[in-house]
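Enquirer: Kindly generate the complete structure, drawing on both the sequences and the hints.
First to last, the sequence lines map onto chains A and B.
Residue numbers in the first sequence follow our numbering, run continuously in steps of one, and reach 971 at the last position.
Residue numbers in the second sequence follow our numbering, run continuously in steps of one, and reach 326 at the last position.
These aren't lab readings, by the way, just hints derived from the structure by calculation.
Yeah, the Cβ is synthetic: ideal placement off N, Cα and C, and Gly gets one too.
Heads up, some of the hints might be wrong.
[Unchecked claim] Here are the simulated distance ranges between beta carbons: (1) B/V138 x A/L640: 24 to 34 Å; (2) B/G145 x A/L623: 47 to 57 Å; (3) A/F644 x B/V138: 24 to 34 Å.
[Stated by the list, open to error] Quick list of in silico lysine-lysine cross-link-like pairs, DSS-like style, CA-CA up to 30 Å: (4) A/K626 x A/K938; (5) B/K10 x B/K315; (6) B/K315 x A/K831; (7) A/K831 x B/K10.
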Amino acid sequence: MIDWVSDLLFWLVFGVVLFSLRGKRIFWTVGALGLLLLFNQFFTPGFFHIQVLGGHLYGSRLDVLNQGAKVMLLSLGMVLVIATGGVDLSVGAVMAIAAAVSSRLLVTEHQPPGIAIAVALLISILAGAWNGLLVAGFGIQPIVATLVLMVAGRGIAQLITEGQIINFLDPTMVYLGNGHLFGLPFTLTLVLAMLLLTYLMVRGTALGLFIESVGDNDEASRYAGINAKQVKLLVYTFSGFCAGLAGLVACSNIRSADANNIGLYLELDAILAVVIGGTSLSGGRFYLVGAVIGGLFIQTLTTTFYARNVSSDISPVPKALVIIAVCLFQAEAFRKRFGQLFLPIWEVLKPIRTRFHLSPAERHDTPRP
Amino acid sequence: MIRLGPKYVPLLATAIVLLAVFGMGSLFYPNFGTPRVIVNLLNDMAFVGIAAVGESFVILSGGIDLSVGSMIAFVGILIARLLQAGCDPFLAMAIALCVGVLAGSVMGCLIHFFDLPPFLMTLAGLFCLRGLGFVIYPESIGIDHPFYSQVLPQLSVLIAPKAVLPFTAMCFLAAVAIGSFLGSFTRFGRNVYAIGSNENSARLMGVPIGQTKIVTYALAGFFSALAGIVATFYMQSGNPASFVGLELDAIASVVIGGTLLTGGVGFIPGTLMGVLILGLIQQIIIFNGTLNSWWTKIVIGVLLLVFIVLQKFISRRRAGIGA
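Expert: Laid out in structure tokens, this is it:
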């Protein structure tokens with residue numbers, strides 16, 4: 603009974619949010635997430651069940667928020683890097699380094715958790731700055747420059763942990779990935795705080811505009827007086843910081859630092875989240891909230907497989923199909939070629955489109971906040 | 004003195020690094036320079052090397068192929084399962100090669116016809132093949148077909164006392180030879196270089212962009228599938244969970260082999276040297292005994308950095324002359 607009411611409330615809020623986003627680019631990302639949730643509402647028993655245990659809320663949707671925190675944090679840094687026309691392949695390896703540093707300081711060196719976390723974040727920032735130096739300073743192609751740290755990073759992480767899996771029980775570190783605040787997972791607060799901080803940083807100042815102009819045309823923005831190198835250095839450093847945070851959350855989740863597996867393939871998930879969020883891989887205009895919702899979408903997909911007892915080994919296949927589908931729908935060539943096929947349906951829907959302002963022409967002309 | 008064109012400088016640097024690493028190994032460890040170690044090296048690196056040859060073509064054309072590791076694992080489990088079901092080994096290998104070419108062409112078509120980023124499309128290939136491997140069979144299957152246990156060992160050749168060149172190493176060398184021929188002496192090879200250097204100029208010159216690109220990815224799929232077959236010779240089993248991250252080794256050996264990741268510059272024999280450098284580093288770490296395997300990754304990372312900076316320096320100097 604309670605479930606039924608809370609579900610109705612959830613869909614009501616979701617519907618209002620979706621309606622208020624009409625005409626915006628992230629409408630489609632949120633809509634895709636809604637479709638996935640709707641599928642679960644009807645076909646995955648127990649997915650929408652939420653129970654209260656010891657004052658905390660538990661349920662599949664909260665698992666999505668908690669487990670998705672890593673990808674959402676990574677996508678915050680990644681979206682800015684991709685907006686400048688680059689890509690950061692090293693975030694998974696930086697996660698492993700941050701996890702290794704914090705665990706080693708905590709367990710082997712007996713340092714307080716505050717110092718362990720601070721040093722781990724500092725080293726991730728340095729790792730990000732190193733990528734930025736290679737890209738901005740030496741002018742190396744981003745995919746290549748970050749490949750160096752992607753390959754060497756895991757080796758460095760293993761060097762730090764001396765090839766061991768370090769287990770820890772420190773309450774502060776465990777709280778980071780497993781704790782609850784206001785009855786909700788702490789990671790949710792962390793992601794929202796980081797999102798707010800990033801939003802203020804890029805939209806509250808001219809930085810966001812600079813990033814977009816560098817991504818659109820590196821040379822032209824340099825002639826316009828924007829220090830493109832500085833902007834690039836900053837976004838890669840910020841991506842390193844986000845990766846460090848994600849690494850701390852990841853090792854806290856499993857209460858140990860496993861240099862081989864922490865963040866494995868997560869760089870790919872983060873890039874995918876950014877693309878699903880509506881940002882083009884070629885740079886330019888970026889969608890911060892879209893990237894975070896893209897991360898949420900990926901995690902919902904993964905959790906759906908778990909809830910439906912699909913083997914985690916097989917789950918990459920539908921994920922691959924999602925990647926191809928998302929890329930195709932964003933591709934100009936695909937829309938041109940297959941647009942005619944859907945034209946009749948598009949025409950039939952015309953009254954609805956005009957009623958809800960869903961026409962593509964309007965959705966690109968929304969004023970910048 | 005013979006003057007070298009700038010495009011040969013990375014190749015020369017790779018050769019120098021290869022000799023230096025080999026010299027260092029032979030200096031420190033008395034048995035390092037024996038033919039037996041070299042044969043072992045070729046055997047151990049065979050499947051990485053074959054995959055790297057295919058990867059070289061994709062990178063030369065200005066793209067990237069991330070699906071290599073998954074393809075090898077997929078082909079491995081496919082062959083193991085077919086043999087378990089009583090299939091003829093040659094038919095199984097033929098099916099595997101067809102699957103490789105098909106997967107490569109599908110990725111190539113998506114990349115060309117819809118102008119999608121190769122990075123994301125081959126990433127989809129990575130996920131898809133990895134998952135499909137588990138669909139075929141979720142666990143490792145051992146291969147005990149008579150072809151593997153009796154015929155294969157007879158195919159090896161004694162090339163020096165105590166040094167038997169196994170069939171896997173021969174496949175590797177053959178793949179490098181075929182790749183070098185395709186890259187340097189055929190119209191297809193020249194088209195790949197042209198597209199990698201500048202796609203627009205290539206189009207204006209009348210190079211068939213689409214055909215060349217799709218064939219390039221199909222070829223990479225073929226070499227990856229071949230690497231998968233050779234991996235079953237080497238492992239005598241198929242496992243859908245194996246070779247995670249092998250694409251990184253392949254890409255790293257291509258770059259260390261002097262191929263520019265932006266495309267258009269590089270040689271297939273360079274890739275052979277890059278693969279051998281990778282293998283030698285692993286051998287040295289094994290010979291040393293006290294160093295841990297994670298040093299391999301760090302050394303490869305450092306070498307990558309050195310080569311990337313070197314290439315940057317060369318291309319900048321060349322651009323300077325042009326301007």
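Enquirer: All hints are to be evaluated individually against the structure, with a verdict given for each.
Expert: Hints, one by one, checked against the model:
1. B/V138 x A/L640: 24 to 34 Å: 27 Å, holds
2. B/G145 x A/L623: 47 to 57 Å: 54 Å, holds
3. A/F644 x B/V138: 24 to 34 Å: 26 Å, holds
4. A/K626 x A/K938: 21 Å, holds
5. B/K10 x B/K315: Roughly 12 Å separates the two Cα atoms, so the pair holds.
6. B/K315 x A/K831: 17 Å, holds
7. A/K831 x B/K10: 28 Å, holds
Going down the numbered hints, you'll see the structure goes against none, and every one checks out.
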